[in-house]
Amino acid sequence: MRNLFARFGIDGSDISHLERALADSAVQPADMTPAEVEEVQTLLSGVERRKHLSRLHLQYQAIAASIDTLDGADACDSHRWRKRIVEFEVESGERPHSP
Amino acid sequence: MSLCLLLAGLLPLTGSLAQAQSVDERLESLSRAEREYVGRHCLPKEYEEGAAAYRDCVSTALDARSTRASVIFDTLSFDDRYALQEVCAERESTGPDGGDGRMQACMDEQISRLVDAPEPTTPDPGALTPSERRDLADRCTTASNSVAAYRRCMLDGASDVALPGAMANVDGSPAVSSTAEVSTAEFSSADNSVVDPPVIAAAELAPPSESVIELAQAETTDTLPETDVSPALEESIAAPDSDAAPSGAPLTNEEPAPNDDPDSDESIATGNETSVASDSPDDAGLPPPDIRQRASDALARLNLTIAGLKGIERVVLGTAVALPLLLIAAWGLTRGSRARAAEARRYEDSLSVRNHQLSNRLREKTGRHTGDSSYPDEYDDRQAALTGDAAALPDLFDDREHHTARGGVDVPSPEPMQRAKSERDLDVTLDATLPNDIAGSASVNDEQGVPVDEGDPLDDVVGEGFAGSLDTSLDVRKGMPSKDPRAADRETPTTSTADSADTSAKPSPVTVPLSAFGRWIESNDERRRLELAIEFLIYWMAYGDERYDPETRSRLLADGGNDGDPHDLIKRRVLEQDINAFADTVRWLQRNANELQRIQILDLLMVLLVSDRAMSPLQNTLLRYLSDAFGLGDATLEERHEVAFGRPMSTLPRVDLMAWWNRVSEDELLRWDARTVMQLDPLDQYRSQLGLPMDGTLDEAQIVEGFRWAARRCHPHRFDALGDRERSLAERQYSKFEEARDRLLGVTA
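If you're matching them up, the sequences are chains H and S in order. Here our numbering is used: the first residue of the first sequence is 393, the next is one more, and so on. Here our numbering is used: the first residue of the second sequence is 375, the next is one more, and so on.
Okay, chain H solo, but in the shape it has when bound (with noise of 0.2 Å):
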């Protein structure tokens, strides 16, 4: 899954930050086209979406924390999670959400 919120050098918890950041033209991820930029800020601009997106952005971050649980005898990967969490991996330690 795509990290919008690192990729858009946002703090997703931060409303007031998004906004601003979707509000700023000049915030454009290099790995994006336009058509792109402009489908993640239409999809950014619910706050529904957005506070869903948020919330997976979280588990997505526990998931890489754990992923070595998948290395495990006895576990599955259905979903190839390890490709999934590339743009969450975080530093040991950190809380990237805490308030």
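It should be emphasised that the hints constitute simulated quantities derived from the structure, not laboratory data. Positions of the beta carbon are idealized from the N, C-alpha and C atoms, including for glycine. Some hints could be false.
What the hints assert, rightly or not - Anything over 10 Å on all C-beta distances counts as not near chain S; from chain H, calculated:
1. Ile-402
2. Arg-412
3. Pro-426
4. Ala-456
Stated by the list, open to error - FRET-style restraints, in silico, Cβ to Cβ:
5. S:Asp-1073 x H:Arg-412: 22 to 28 Å
6. H:Asp-466 x S:Ser-1109: 32 to 38 Å
7. S:Ser-1102 x H:Thr-425: 51 to 57 Å
8. S:Ala-703 x H:Arg-472: 56 to 62 Å
9. H:Asp-466 x S:Asp-1041: 23 to 29 Å
10. H:Thr-425 x S:Thr-885: 40 to 46 Å
11. H:Lys-475 x S:Asn-1036: 20 to 26 Å
12. S:Ala-703 x H:Asp-466: 49 to 55 Å
13. H:Pro-426 x S:Leu-1044: 28 to 34 Å
With the hints as your guide, set chain S onto chain H.
Coordinates of chain S only, in the frame set by chain H:
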């Protein structure tokens, strides 16, 4: 036992049938004329009084014949009987109005006169040769106009041949014995001579004197009482009657009607008359018996027999007739049931194959075990587990009804199947538009924009009440000792697997806690660890969707909560979004919980936090990841979801794609938010709890159906591998569903 009862019930019928058969056999032994007489005499009784009366009538007639009349007739010598028949047949044929009455009257008269006639004792007729006797009989038959005259003629003739001067016994003493003996000897010889009857000149024998006969009749009294006949006598008489014809008798094909009953009853005599006629050579000219007629007679007798049965006999007969039919029907039903069971087994096998195929595909893709779907379904014993209203509503836990009502757990209805296919199509489309992303990951909750989220199972505890309620429910063992959680809380993690950014590498699983929280869990006693880990996951999923009391959140984050309270510690870790604590919890459960416990942990999360048609993207994602981390795989998780909700689980959400969001309605989006639901009318909140439509009128069946599914999810047996605390949480959730049902049904205010 049943067989014995059946046999006991059949005994009376057997006796009745045996009686009827005996009567029938005795009737069969009669000549046709006798049977017709009995029919004319007794059938009216049958029509008036029933078959039993008919049988009694026939039996009475036969008994009378076999006693009184037969005693008289049967004790006669064969010659006497022959003469009797000859005389009466002659009179009947020559009479002006021949018929039964004349024949009977003749025989009665002749028997009466014969009884009064002197019995011949000497000379011994057996002294005559068979040919001599035959000639004498012929001569006497011709010359005699009565049986008595015939007897005397025979005596005279015998005397003339063997013992000249021998006289008839005029003292009236019975001479039946000697006569019978003679008859026996006679028939013994007649058996050998009947083929070639000798011819004796009639002139050799003189006719008897009428005067002698008349004199003898005048002086003779009735010396032949019925009771004077001894069994030996009867036997000696019966012997020749059974299988021999008199020497020189004009009978051709049958014995001379030994059973023809010269009873005093005129009707019986009529039958005898016919019988005699049938025994005559004229019988050869009768048409062959009509098979149809016989069959009709047999059927009529059968009907009469059945009609004559009494109450219990009819019941037993009906049972005897119905039993084979019932057995056949039972066999048919059993066969049908077996066929259905076999079909169900085949279907289950196909499902198992499907699951295994899915698991194999996943294993091929991931190179790991994807979990087995062989988790035993413990719902069969659901009724005994729940108490209260659950016990009063046992049918609410009928799995099959649920499966049928919701399109089947094992067989997804076309709608969800089509929806799943559509989601996969969307996934492919999305993958094509997303470079450097992952295929097969997009999902929607409703392809047609119809709201699928209709509520939250914890709407009544979200916000103000959520944290407190969940805390209370989780604090069922509040006060249990914990080992200095604050001290553990102050510890800092040393390392984390999240440091690794190389997704192609597969580091070894972490076997030691990496966070303070993980170490704190392991510092508790073994029984407590599982509870704490599960509690953490519950709060993690609940708080992830912001189902917490803001004030409680602020308090916990400010001062850490109550000192020494492990629940506050857990909540604080969750509110701080401690992903390392999450990782350590998952690792601990992966290492220490068995497979069944891991499955039931997923079930518990769904029961407590997921409402029907209201699985949020966070819940979906987290459950899928936990299922993989627990070694269960998507197949098992989706199976558990179908068991719990009766519909397929939505695919993995792709909240980073606008195309995915475009397929989520605003109403659905709104209902994912528990806080919003908490602001609805209480009845709407109950609707959401039971997964019912939020709009329109609900009927009772809908409410009960929604409660069935909700109650089924809460069944304690689904959590029997967990602790009392987890089962208590499920039971509390069940109580909430009960309340929702009762309020919607108007049972309670």
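Taking each numbered hint in turn, which are not upheld by the structure, reported in ascending numerical order?
Violated hints: 4, 5 and 9; rest satisfied.
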